[in-house]
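Please build the complete structure, drawing on both the sequences and the hints.
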Amino acid sequence: MSDFSEELIESKTEDDQEESYVFSGTGMSFPWLQNHIGTIATGGKKEKDFAQTTSACLSFIQEALLKHQWQQAAEYMHSYLQILEDSDSHKRQAAPEIIWKLGSEILFYHPKSNMETFNTFADRMKNIGVMNYLKISLQHALYLVHHGMLEDANRNLSHAETWRYGEKSSSQEVLINLIQAYKGLLQYYTWSKKKLELSTLDEDDYAYNAASQSMLNHSCKTSVNLGALIQTPGVWDPFVKSYVEMLEFYGDRDGAREVLTNYAYDEKFPSNPNAHVYLYNFLKREKAPREKLISVLKILYQIVPSHKLMLEFHSLLRKSEKEDHRKLGLEVLFGVLDFAGCTKNITAWKYLAKYLRQILMGNHLAWVQEEWNSRKNWWPDFHFSSFWAKNDWKEDKTLACEKALVAGILLGKGCRYFRFISKQDDEVLRKKIKRIKKSVENHSIVNPGL
Amino acid sequence: MDFPSSLRPTLFMAGPLGLSNVPDLSFMCSWRDALMLPESLPENSENGGPHMATQLLWEPETPGPLPLLPPGPDPWDPGVTAQDLLFRGGFTFRRKPRAVLDVTEQLSRFLWDHGDIAFAPLGKLMLENFKLEGARSRSKKKTVVSVKSLLQDLGGHQPWGCPWAFLSYRQRRFSILGGPVLGKSVASLLGELLHEELAVRWEQLLLDDAFTGGALAWVPGRTPQVGQLVYPAGGALDKLCFQEVSLTSSGAAQALRDPGHIQLRGPVRQVVTRTVQGETLLAVRSDYHCALWKVSKQGQPAPLPVLQVRKGATGISLSPHLPGELAVCSRSGAVCLWTPQDGLQQVYKDPETLVFCDHSSWRWADFTAHPRVLTVGDRTGVKIVDTQGPPGCGLLLFRGGAEASCQKGERVLLTQYLGACSPEPLHPTLHLICTQFSLYLVDERLPLVPMLKWNHELPSAPLWAQLLPPPRPGCPRPLLLGAQRGHLRLLHLTGEGASAPRLAGHPQSLPSSSDSLSAFPLLEPKSQWRLQERLKAPTIGLAATIPFPASEPVLSLFQLSAAGDIFHQRLRLQADPGATLHAPTASWTPQATAFCSRWLKALLKVPPPPPVWAAPTFSHRRLLGCMEQRTGEHKGPEGLRAAMAGGRLLQQRDLGPLPSAEPPPAPEPGPEDELSARLEAAWEGQMAAWWERQQGRSSGPSRPSKRHKRRTQLSSTFSSLSGRLDLSDAISPPHSPDRASPEAKSQPPVTPPSHESTQELWAQGVPSERQQTLRDYMAKLPLGGDSPRGVCSSLSQSPSLQATSSRSQTLQERTAELPPRRTTLRGAAVSSSQTSSLRATPSRQRASVPSGSQPQRKKPRMGF
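Each protein sequence line maps, in turn, to chains A and B.
Going by the working numbering, 223 is the number at position 223 of the first sequence; the sequence numbering is gapless.
Going by the working numbering, 663 is the number at position 663 of the second sequence; the sequence numbering is gapless.
Hints are supplied without guarantee of correctness; some may be wrong.
Okay, the calculated bits of chain B under chain A, using three or more residues with CB under 8 Å as the criterion [stated by the list, open to error]:
1. 1-13
2. 358-366
3. 377-384
4. 437-446
5. 639-649
Bear in mind the hints are in silico, worked out from the structure with no lab data behind them.
Using N, Cα and C, we set each Cβ at its ideal position, and we do this for glycine too.
The structure is reproduced here in structure tokens:
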């Protein structure tokens, strides 16, 4: 019981303990300040032997872990446990967390450790002190999930869920929400398993009713469990995904839409591209009007112009009747190809080559020039250098042809890339290159008058 | 580009650093990162083995890295340590360690070392308050102090760290008299400035960000096995060297040929290299200049423009996308982009820090997946800035705050774009951000929320990182993290395409150069210590390469130390580390140890750095004086002193040739004879008679007058003082008994420029009677530090000469000695004894020893 009162005091003094290595002048803290001071401490009161040995032991454990000497680390850990009897209450308080962190790490990697050992260790650690119960329970459950012990994990989380200590602090609340959400996720796994079974059963079968009934039970519990957490700002992709899937399955489209909209547009949440992707996919499944889809993707375009959905966005825009949509379609393609990871995206080049011709034929030279102006001083080196011409031709001739066409249109016949590709003599692509040459003659923006 | 289809659950909380009511979800251990949530159950139900294929271990081939090149010819000084800067007295253990800058020690060091500057003008003013020798009855005033007795009192005084130092009433009076005048002016003028300077030095000791990014680069050659190391060399790090290195599959790296070099006009702080579209570029950052070279296929650098950064450059990066593009950031808060087409353009400027107010002017800039978008970082956060957009706007990529669960006092030390690594980047949008506590991976498509956080627990500042290509196709990518004191961490990153980046396996620590000590032969303590210092020198650069990407996974790692050494080590990827309990331990090969002893031999040939001038101390004056008077044989202590000064072991040759070979210097028998005679006498009970005899003999052939005797004693004190001067070079200075650089004092002290004022002080009509005392006094003060022996000899040579003439003579000698300001004391002594011998009797000529050999100490009374 003494632990309890100590930990209450602890919560107040935690702050000044944290400051332990702040150097007054700069506000920056240096974990290595103690070492420097240690070298000059000659006289005065020294640390107690006990404190010296435990801190030495701690560094041995850390060193052994970093050298992957699990056996050695385990041996040191055995000795380190004495810190739980330290007379310094600060250290005694901090000890369980350190022991859990290092101990679980050793047991996770040690080739001779097994699930029982880990479980025993986790159960013991949960009950040393009261501050770590929730954290350790959660991690223990994750360990069990990782090892496929879903039922055990579920039981663990259920225990933790009902656990309360003292006043309900905000951090405790978040942890409990998180525990419930993971529990919900486990229930979702069971549910989706049942769903899979159900799909194999005949609807008239007797078993079908029982199975669908139990599925329904699960979904109810799950929605309660998942609902609370996804209101809290954060990244909750797996929870949102499974929650929406269940809602959709039971026809609660409005509920699902609300969850997704909230997840994507709530300003307190980080701008998570996946939130928009999920919303877009949901709307697509729902067969929402094109306007709606475009408005969702427009926001995604602003966050991640390099997303692979941008090509889909371009297709939507291209088909749109609105002029500014079609203009945006060009912008989106240029935007995708700005990024280093997309330079070899053949679809994007194909789209751009095709769309450029289409737009130029539609007399929208100004659109192209607008996009090109901000890129003309770096795209030639970035995409159309002779290095890339050789490299692309060697690696992917189709890509080289698409790029050559775009290069020819944007830079004229004289550009290095186009000249290199057009000079190549390839049996298969001869016709294509000829067509490219003709397109460039007709559409190049360099000499539009000619 | 693929974005991870499902991100790991993370709480997002806005707020300042160290917000305590947020549960830090990264409280979880590193294994948490290995955990995976099954996407959907059916596929993953059988995924269960506790040891996945992600267990990776790089096994070092030797217990530590080995030097690649012989040590450079320039000596290296480790610089100030915490011991030099912090207050050491009465330190009590406390939970919160506190660093207190010791201004008083530095101030008193200044007073000792440069007493002439500090005190001479005041001393001149106070001349009337001193009673010099022979003027006993002149004044009875309390404001007049007798110099002689003051000196006697001072003789036993240990100026530092002696709690039982006895204060005589004379000293007290002197200090009362002189204290306010002497102390205040210097302290008030210097104190504040000194404190400021010490604070800067201390901060630098805790974190020296000048070399952020690293000053060592590997420029790949035509094959992966051959390349060039580019690094600064020379004592000032202003020589940019290009060393061709070949990596063989059998063992060590070989340096081919002598390195080519380019002499620069400032110290090199950072060397960056990038190969873009087959074109290799090399950028170098100095304090106020940045330069760019294009390296040809043959490895020849061709200069491109040099940029001047007036406020001081803090970071330089080369574009991974476009050849020749360069981002430079300066202490003024400006970030400039240099492109071959448009030249230099400022893309961002903000003298303030990004997130909250921080005094550091360190800035950093790097590229992103978009060639026209840069990251701009400072200690508080990292921002993404579009160089084509309106100025000043941008999006925070990383915020030092609750979003990343930062601790109180946490600051960004390094940011790096990881997408540039060829062949296929992990995620071309990932950025590495290192603080003193943790490592973060942030995706620029999801700002503020770190994709990965790992507590690196490095005991010094992580300032270098390098992401390497996978050692085997399909393997996770090694990420190397290097810290200032040589600590290394190797992490493995996996997660491509639709999966989020995560750590594969437990991170690993690699041996640092101080682990190589065991490869060197055991030495005598002083050289051992020097070697240890050399191996412990802070790291200033890191480069790694995987030379055989196709066949065997071997990692070649180079580390550049501040002493100019490059250490190399090879690591081999272990086949199945999961099966072993004990990680295997490497051992030294005979070739390695042989190489190390050769290297060591070369290192010990490098002269130790010239020491800072050490002040004379008074502590051993009496002791040595007695010793010398009694023994009469001077070779021993002198040899000892010389050996100590030179930092060598005392050997027979230091003690001079064997007694028989030496011409008898004096009629006295040797010390053994003396001892045996004394013992004999004692046995026979005739000790008193022997003593009488001995007294008679040692007081010289002719009994001098009383005053003569006094003078003799003084001058012998003097010679012992000069001896002590030598000795003080070898022992540590008085005020820091545990100061950590014995070799820093091993050379004779450098003569400071002599000061006319001090000469004039005793030249101004001081009665010749008092001059001797005054000279003695001055010789003991630091201001007399230049060639006290010379003064002594010249004076003792010419007792009959006019004081004025000898004075002018000495003055001339001194001015003649001035131009080479760093003449050693020994040299000065020799030259003056030579000049004096011209004036003196021919018998003195024996004392003029050719310089270079140890000058023979003359007997104090021989001049009389």
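Each hint, compared with the structure:
1. 1-13: holds (count 13)
2. 358-366: holds (count 3)
3. 377-384: violated (count 1)
4. 437-446: Holds, because 3 residues of the segment 437-446 of chain B bring their Cβ atoms closer than 8 Å to Cβ atoms of chain A.
5. 639-649: n = 0 at 8 Å, threshold three: violated.
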